[in-house]
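A.B. asks: Kindly produce the complete structure, drawing on both the sequences and the hints.
Protein chains: 2
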Amino acid sequence: MNDDIKGTTNSDQDINDRHRVRMARKKEVVDAKIKDAQRVTGVIVINTGNGKGKSSSGFGMAIRAMGHGMKVGIVQFIKGAMSTGEEQFLRRFPDEVSFHAMGEGYTWETQNRERDIEKAEAAWAKGRQFLSDPTIGLVVFDELNIALKYHYLDVQKVIADLQARPEMQHVVITGRGALPDLIEIADTVTEMQVIKHAFKDGIAAQAGVEW
Amino acid sequence: MNDDIKGTTNSDQDINDRHRVRMARKKEVVDAKIKDAQRVTGVIVINTGNGKGKSSSGFGMAIRAMGHGMKVGIVQFIKGAMSTGEEQFLRRFPDEVSFHAMGEGYTWETQNRERDIEKAEAAWAKGRQFLSDPTIGLVVFDELNIALKYHYLDVQKVIADLQARPEMQHVVITGRGALPDLIEIADTVTEMQVIKHAFKDGIAAQAGVEW
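Read top to bottom, the protein sequences are chains D and E.
Residue numbering for the first sequence follows UniProt numbering, beginning at 1 and increasing consecutively.
Residue numbering for the second sequence follows UniProt numbering, beginning at 1 and increasing consecutively.
I should point out that these hints are in silico values taken from the structure, not numbers from a laboratory.
A hint or two may mislead.
Heads up, the list lumps identical chains together, so a pair's fine if it works in one copy or across two of them.
Claimed, not checked - Straight-line distance between alpha carbons at most 20 Å, and here's what the computed EDC-like set of lysine to aspartate or glutamate pairs gives:
# : residue 1 : residue 2
1 : K35       : E210
2 : K157      : D201
3 : K126      : D161
4 : K33       : D201
5 : K149      : E121
6 : K33       : E210
7 : K196      : D12
8 : K157      : D133
C.D. replies: What follows is the structure in structure tokens.
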């Protein structure tokens, strides 16, 4: 308990009362916003930027969807030469998750553009299967933005396929450098920005954190 | 195939060759960076900002860790009045994941500061158990930043407990408004920034996407 010199009482009770009033006001605002947002439809979510959390957020959405009994389709572009924790884990649930990894590592590993294009097109063909299957509630296109940035896939073709998907199907697309045309047709877009990164302090990419 | 007027050939072969040279250079840079970052240690990761993906990235890291055979401890602050997809899913694995939800909804729902403090302290006590258990490879403190922002927990006490944890244990902390003192002691900090959000277009928060 503190009393200040002007005689007003800055007691715990006062703090608690002010908190109650402030939170009641906040609840009104939040409730009103929720009341205004009632449309239910499949959404396209993009996670881009140079920061951490783009792919891991996509996989977090996958388990959210699975927790609600939804089936999930996952296509990993670019990544896939190494066995990741998410792949090892999600392959435990073949009835709930269809997992397709492009399987050729990052493009600077292969240095072979023609092979990269071939692999990206094969991965997108798999993705189109998911996009035409209304029993799949969420499709994760991990690192698709990289394949689009390097023009391994035609963005207009990708957009057309996305827009032709079942009405209630959700999609999450990850990778730095999301193209403006893709951002345009997305519902929710987040830019993951680096504030600091352990890598710069000489700490290695580690299992359970980066892969 | 295009020939420009100066007679240089801008063929697919040229594009592919330039790609190979550019990617070889990129590989050198990336390989050198990886060579410099070799320290292996438990890291503290913070996901903050107003954008989407903070919590879902934390849960994505949880399944990455599980894929590598690590045990995971999760404490959900603030959230928990409703049953989320992530909770439903992760409770399937009681031998791999210890899940503790504070269970009182957002603070503007309760409007009761004393009860919120009590619940936050009880949740942190559970978190401290995880932080003193070297068999747990990753601890997720979901929405801890909110509890700190409202001063339901003392940030210096939280930092001391985090720094006393087992050397190889990773921690991820989520929630908007991460406090500067916490950012200071973290290894990797990402700010999720809103580029656009479906909610503003009148689309509801939906199962498998937001919860």
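A.B. asks: Against the earlier hints, flag every one the structure doesn't satisfy and list their numbers going up.
C.D. replies: Violated hints: 2, 7; rest satisfied.
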